[in-house]
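Spelled out, the chains give:
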Amino acid sequence: MSLTVGLHHFLVLSAILFSLGLYAVVTKRNAVTVLMGVELILNAANLNFIAFGRFLDTDLDGQIFSVFVIVTAAAAAAVALAIVLNLYERIKTVNLDEADSLAG
Amino acid sequence: MNIPFYDILFYVFAALIVSSAAVMVFSRNVIYSAVGLLFAFFGVAAIYVLLGADFVAVAQILIYVGGILVLLIFGVMLSQKVTSVDIKNGAVQIVPAILVVGGVLFILIRVLLSTPWGAASGRNIQDVDLTAAVEPTTQQIGRLLMTEYLIPFEIVSVLLLGALIGAAFIARKDA
Amino acid sequence: MPAFISFLTITEFTIFGLPEDISNLIFMVLGAAIFCGVSAVMALLGVYLERKISAKMQDRLGPMEVGSHGILQTLADAVKLLLKEDIVPAAADKTLHFIAPVMIFAATLAAFAVLQFSEGIVFSDLNVGIFYIIAISSFVVIAIILAGWSSNNKWSLLGGMRAAAQIVSFEIPASLAVMVVVMSVGSLNLGDIIDAQEGSMFSWMIFRFFPFNFIAFIVFFVASLAELNRAPFDMPEAESEIVAGFATEYSGFKWSCFFLAEYANMFLVSVVITTLFLGGWRSPFGDFLNSQPFQLFWLLSKAFVIIFIQMWLRWTLPRVRVDQLMYTSWKVLTPFAFVAMIGVGLLMIL
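Residue numbers (my numbering), protein chains in the order written: chain Z, 3 to 106; chain A, 41 to 215; chain B, 200 to 549.
Since the hints were derived computationally from the structure, they do not count as laboratory data.
Here a beta-carbon is modelled for each residue, glycine too, at the ideal position from N, C-alpha and C.
Where hints are given, some of them may not hold.
Unchecked claim - Mimicking BS3-like on lysine-lysine, the simulated pairs with C-alpha atoms at most 25 Å apart in a straight line are:
1) B/Lys353 x Z/Lys94
2) Z/Lys94 x A/Lys213
3) B/Lys530 x A/Lys213
4) B/Lys279 x B/Lys293
5) B/Lys279 x B/Lys251
6) B/Lys293 x B/Lys353
7) B/Lys353 x A/Lys213
8) B/Lys293 x B/Lys283
Said to hold, decoys possible - Derived list of chain B stretches under chain A, where covered just means 3 residues or more per stretch with a C-beta under 8 Å from a C-beta of chain A:
9) 328-335
10) 360-368
As the list claims (entries may be wrong) - Sample of chain A residues lacking proximity to chain B, with all beta carbon distances greater than 10 Å (derived):
11) Phe66
12) Ile71
13) Val105
14) Gly107
15) Leu139
16) Arg150
17) Pro156
18) Leu204
Next up, chain Z with everything else stripped away, as it sits in the complex (with noise of 0.2 Å):
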């Protein structure tokens, strides 16, 4: 791989930005945090759409994806947060470990 930027220096990007993400999500037990690893994989995913319509793409396809997924994510996170404050109400944690009263 040259060092001239190209595709495949973008994929990397996204690639490392979406483990570190997926790290955060398996590995973190603040709900919140959770959260911001599930932003992260996102915007690697939209990093990726933008790549490729640049490369690969006539018109703007990738674009409007990625400002479809701006949208959907800012969605997701309100309702996440909402039930994530909902949860503090009634366990007094945000850990989620804790949060077991369904389990077993």
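Since chain Z is already given, all that's left is putting chains A and B on it; use the hints.
This is chains A and B only, laid out in the frame that chain Z set:
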């Protein structure tokens, strides 16, 4: 002497994104994670600009930094018992996570680097000149949203309406 | 470089015969430094004006000692603040405490990059100009929350969260009012918006599509007052209520950063209002007195009229309560902004 500004800018912003995301993921303080996420969002917006997507870059800053991040920080602050600056946020099962995520990263990079992108439609990705002038995208995006992508646009509007009502309803106190 | 990041130079020459790339880079850095200087000077001027205007309204003299008629007073204040001891509370989060004033000043300065001060004098003629300004002002919210949080002080935290809620709520009518103008012009580019107001005073945006653009002007003016945390919407820094709000634990240079950022932001908002609604640097008499130095004069005079009105409102009206503030944003300004938008849309088609 031809300084490759584009490449230097790309590497600078890529370093910013990866380091901020690393701060976000590995920090034990939730507020530091949020600040790391903030700089990651800015870095991604800068990369969008480098790819010629000016409208999407500014929309990213407006929605992600001005909306989602504020929401996340409010969520952090409203879900703590005491107002201290010390919010601990540990990680569990680190070693299996590193193995799995490392495996995912390896597979992703192998696939991304070895696939012949654009071969099916006959476009050569080496032909694209990244430093060439790109025409502004706002008008085109508006036109596409109203013609080709009208149905997804309307569906997303209804989705936002539902999210708005749902979030406001779920988060209210039962009083 | 992508063409929408272009730096319009007055003259095209290279420095000492250096290759064009490096010369452009040096121009950009110099231009950025000049704009930083301009905004800092405007902030200092704003502080002086505020003190003099408030003094006249309260039937007293204001600063008179330092310099003739107190014109060097702000400079003396700035020097004093620079030399003051920088106190950081022991239990405060040092990194965030340091970053917050830097972020708020960076956000304000970044927005100056797209303003047109005269024909062709613009640092970066972005095609999404006005959208960029709206996006950057939403960055201020995070800085204020971090400032309130990092001080480890419940008054700071309360002030910070109130300020954030206020700014986020008022962003909506402000953005809608801006969209009304963008609809009338058909472009997000600030240069196009100024070009569309060509002609005499009666082709300014504020008089077109009457009365809807006028409603948009009022909505944007009130909403931007709230976004600046200026009275009558200055709940977050209400001196009589929660000490200094989110800036309570800041002293010396960092406090002056908040203070100057507020005035620089005030100047920024005034120039944006002038550009969107009052014709920017165009002279009100059409082509008479429309040459380059006069254009700067017209822009500055219109901006200072708006600043005067903002200061006038501060020293005349009492403070609005937090729930009245939210009521104003959601139930008064947003419906009016929607009405203006629909009205302009209808008038454009009919």
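A quick look at each hint next to the structure:
1. For the given pair, lysine 353 of chain B sits about 20 Å from lysine 94 of chain Z by alpha-carbon distance, which is consistent with the 25 Å threshold.
2. Taking the CA atoms of lysine 94 of chain Z and lysine 213 of chain A, the gap is about 14 Å. The hint holds against a cut of 25 Å.
3. Pair hint lysine 530 of chain B plus lysine 213 of chain A holds up; C-alpha atoms about 22 Å apart against a cutoff of 25 Å.
4. At most 25 Å may separate the alpha-carbon atoms for a hinted pair to count; lysine 279 of chain B and lysine 293 of chain B meet this at roughly 23 Å.
5. About 20 Å separates the Cα atoms of lysine 279 of chain B and lysine 251 of chain B, which keeps this hinted pair within 25 Å; it holds.
6. Between the alpha carbons of lysine 293 of chain B and lysine 353 of chain B the distance comes to roughly 17 Å, so the proposed pair stays at or under 25 Å and holds.
7. The hinted pair formed by lysine 353 of chain B and lysine 213 of chain A meets the criterion: a straight-line CA distance of about 23 Å does not exceed 25 Å.
8. Between lysine 293 of chain B and lysine 283 of chain B, the direct Cα distance comes to roughly 18 Å. Compliance with the 25 Å bound is thereby established for this hinted pair.
9. Counting residues of the region 328-335 of chain B whose C-beta sits closer than 8 Å to any C-beta of chain A gives 5, which meets the bar of three, so the coverage hint holds.
10. With a threshold of 8 Å between beta carbons, the proposed coverage of the region 360-368 of chain B by chain A holds, since 3 of its residues qualify and at least three are required.
11. Here phenylalanine 66 of chain A stays apart from chain B, with its beta-carbon at least about 15 Å from theirs, past the 10 Å limit.
12. The beta carbon of isoleucine 71 of chain A is not kept farther than 10 Å from every beta carbon of chain B, the shortest such distance being approximately 6 Å.
13. Distance check on valine 105 of chain A: its Cβ comes as close as 6 Å (rounded) to a Cβ of chain B, failing to clear the 10 Å threshold; non-interface status is violated.
14. Annotated as non-interface, glycine 107 of chain A brings its C-beta within 10 Å of a C-beta of chain B; the closest such distance is 7 Å.
15. Listed as a non-interface residue, leucine 139 of chain A keeps its Cβ farther than 10 Å from every Cβ of chain B; the least gap is roughly 32 Å.
16. Chain B leaves arginine 150 of chain A outside its interface by the beta-carbon criterion, the shortest separation being 31 Å against a cut-off of 10 Å.
17. No Cβ of chain B approaches the Cβ of proline 156 of chain A within 10 Å, the least distance being about 27 Å, so the stated non-interface status holds.
18. At roughly 12 Å, the least C-beta separation between leucine 204 of chain A and chain B is larger than 10 Å, which holds for a residue marked as non-interface.
In this structure, the earlier hints numbered 12, 13 and 14 are contradicted, and the remaining ones agree with it.
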